[in-house]
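Could you build all of it, start to finish, from the sequences and the hints given here?
Everything in the sequence shown is counted per the numbering used here, starting at 2 for the first residue and increasing by one.
Simulated from the structure, these hints should not be mistaken for lab results.
Please note: incorrect hints may appear among the correct ones.
To be verified - Straight-line C-alpha distance at most 20 Å; calculated EDC-like pairs for lysine to aspartate or glutamate:
#1 Lys77 / Asp56
#2 Lys173 / Glu129
#3 Lys70 / Glu83
#4 Lys4 / Glu83
#5 Lys213 / Glu46
#6 Lys21 / Glu37
#7 Lys21 / Glu217
#8 Lys172 / Glu129
#9 Lys69 / Glu118
#10 Lys225 / Glu214
#11 Lys172 / Asp221
Unchecked claim - Restraint-style ranges between C-beta atoms, simulated for each label pair:
#12 Asp170 / Lys103: 31 to 41 Å
#13 Glu104 / Glu46: 23 to 33 Å
#14 Thr3 / Glu217: 20 to 30 Å
#15 Glu214 / Glu46: 15 to 25 Å
#16 Lys52 / Arg99: 43 to 53 Å
#17 Ile238 / Lys76: 39 to 49 Å
#18 Asp73 / Leu102: 22 to 32 Å
#19 Lys96 / Gly27: 40 to 50 Å
For glycine and all other residues, C-beta sits at the position ideal for the given N, C-alpha and C.
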Amino acid sequence: MTKTAIITGGTVGIGYELSKLIAADGYDLILVARNEKTLKKVKKEIESSNKVKVDILSLDLADPKSPKKIFDFAKKTKAVVEVLVNNAGFGTNGKFDRMDLKEELQMIQVNVASLVELTHLFLQGMVERKNGKILNVASIAGFQPGPNMANYYATKAYVLSFTEAVYEDVKKDGVTVTALCPGPTKTEFFERAEITKSKLLDNPMAPIMEAKEVAEIGYDALKKGKSVVIAGALNKILAQSVRVTPRFITRKITKFFNQNG
2 MTKTAIITGG
12 TVGIGYELSK
22 LIAADGYDLI
32 LVARNEKTLK
42 KVKKEIESSN
52 KVKVDILSLD
62 LADPKSPKKI
72 FDFAKKTKAV
82 VEVLVNNAGF
92 GTNGKFDRMD
102 LKEELQMIQV
112 NVASLVELTH
122 LFLQGMVERK
132 NGKILNVASI
142 AGFQPGPNMA
152 NYYATKAYVL
162 SFTEAVYEDV
172 KKDGVTVTAL
182 CPGPTKTEFF
192 ERAEITKSKL
202 LDNPMAPIME
212 AKEVAEIGYD
222 ALKKGKSVVI
232 AGALNKILAQ
242 SVRVTPRFIT
252 RKITKFFNQN
262 G
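This is the structure we're talking about:
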């Protein structure tokens with residue numbers, strides 16, 4: 002049976018670059034994203050460049066029913082899912098009391114709840130086969146609180162903590178779970194979060210990385226079975242410095258860089 006990888010948010014940014022890398026290693030793909038037109042375009046591109054099959058699912062992970070639909074599709078097509086990439090996610094910017102509550106709750110559903118459910122659904126089969134790898138895309142935001150992006154930073158802290166714990170749970174079962182923690186990356190994230198004027202985009206301490214570079218770092222860590230990987234040397238320094246910096250200082254610095262304008 003052909004080995005299969007599922008990638009959520011697999012048509013743009015880091016997810017798109019991961020899709021190409023994983024397909025190049027001979028995995029059939031199940032790509033999940035909201036935009037069906039883009040899904041079809043990426044499917045055609047990858048299938049024309051690799052001897053693999055690409056199935057596409059146009060789903061919104063803000064819908065609580067979506068994770069089970071993905072699992073049921075994989076089961077129906079008898080796909081042996083050896084790799085799961087939980088990449089879908091989004092952020093918002095602004096003081097939390099002024100944010101749209103519905104959108105904030107949708108963020109928790111996409112960034113956390115759907116990730117947890119997909120991990121649980123596919124992890125069981127991996128443990129039974131004693132073979133499988135999961136990559137959860139977190140962020141260096143997960144190492145600190147984030148005023149002006151409070152909910153987003155909190156979701157990434159959850160993903161980081163959750164991933165490290167599950168890694169320890171299953172490491173003796175032939176399965177690895179890896180958290181990829183990028184810093185600012187050239188993707189559609191900032192446009193969707195409406196923070197195109199954020200100081201994060203002009204921060205010499207953490208220069209913006211290309212999505213391809215981040216994906217290569219994440220995929221290498223996935224193959225090596227690492228628990229956590231931070232993309233970029235300066236991002237590693239920043240993430241570690243947070244551990245020794247007083248929290249009130251960390252909050253003020255993060256608030257400054259998260260200002261939009």
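Against the 20 Å threshold, does the CA-CA distance of Lys70 and Glu83 hold or violate the hint? holds, 18 Å
Please verify whether Lys4 and Glu83 have alpha carbons no more than 20 Å apart. With Cα atoms ~6 Å apart, Lys4 and Glu83 stay inside 20 Å; holds.
For the hint 23 to 33 Å, verify it against the beta carbon of Glu104 and that of Glu46. holds, 31 Å
Whether the CB-CB distance between Asp170 and Lys103 falls inside 31 to 41 Å: holds, 33 Å
For the pair supplied as a hint, Lys77 and Asp56, is the alpha-carbon distance within the 20 Å limit? The given pair, whose Cα atoms are some 12 Å apart, holds under the 20 Å limit.
Given hint Glu129 paired with Lys172 - CA-CA distance at most 20 Å: holds, 13 Å
Within 22 to 32 Å or not, the Cβ separation of Asp73 and Leu102? holds, 30 Å
Assess, step by step, whether the Cα of Lys21 is no farther than 20 Å from the Cα of Glu37, and give holds or violated. holds, 18 Å
Holds or violated: Lys69 with Glu118, Cα cutoff 20 Å? The hint holds at about 8 Å.
Would the hint linking Lys173 and Glu129 be met if the CA-CA limit is 20 Å? holds, 12 Å
Holds or violated: the 43 to 53 Å window for the beta-carbon distance between Lys52 and Arg99? holds, 51 Å
Cβ separation of Glu214 and Glu46, checked against the hinted range 15 to 25 Å: holds, 20 Å
Checked against the numbered hints given earlier, this structure breaks none of them.
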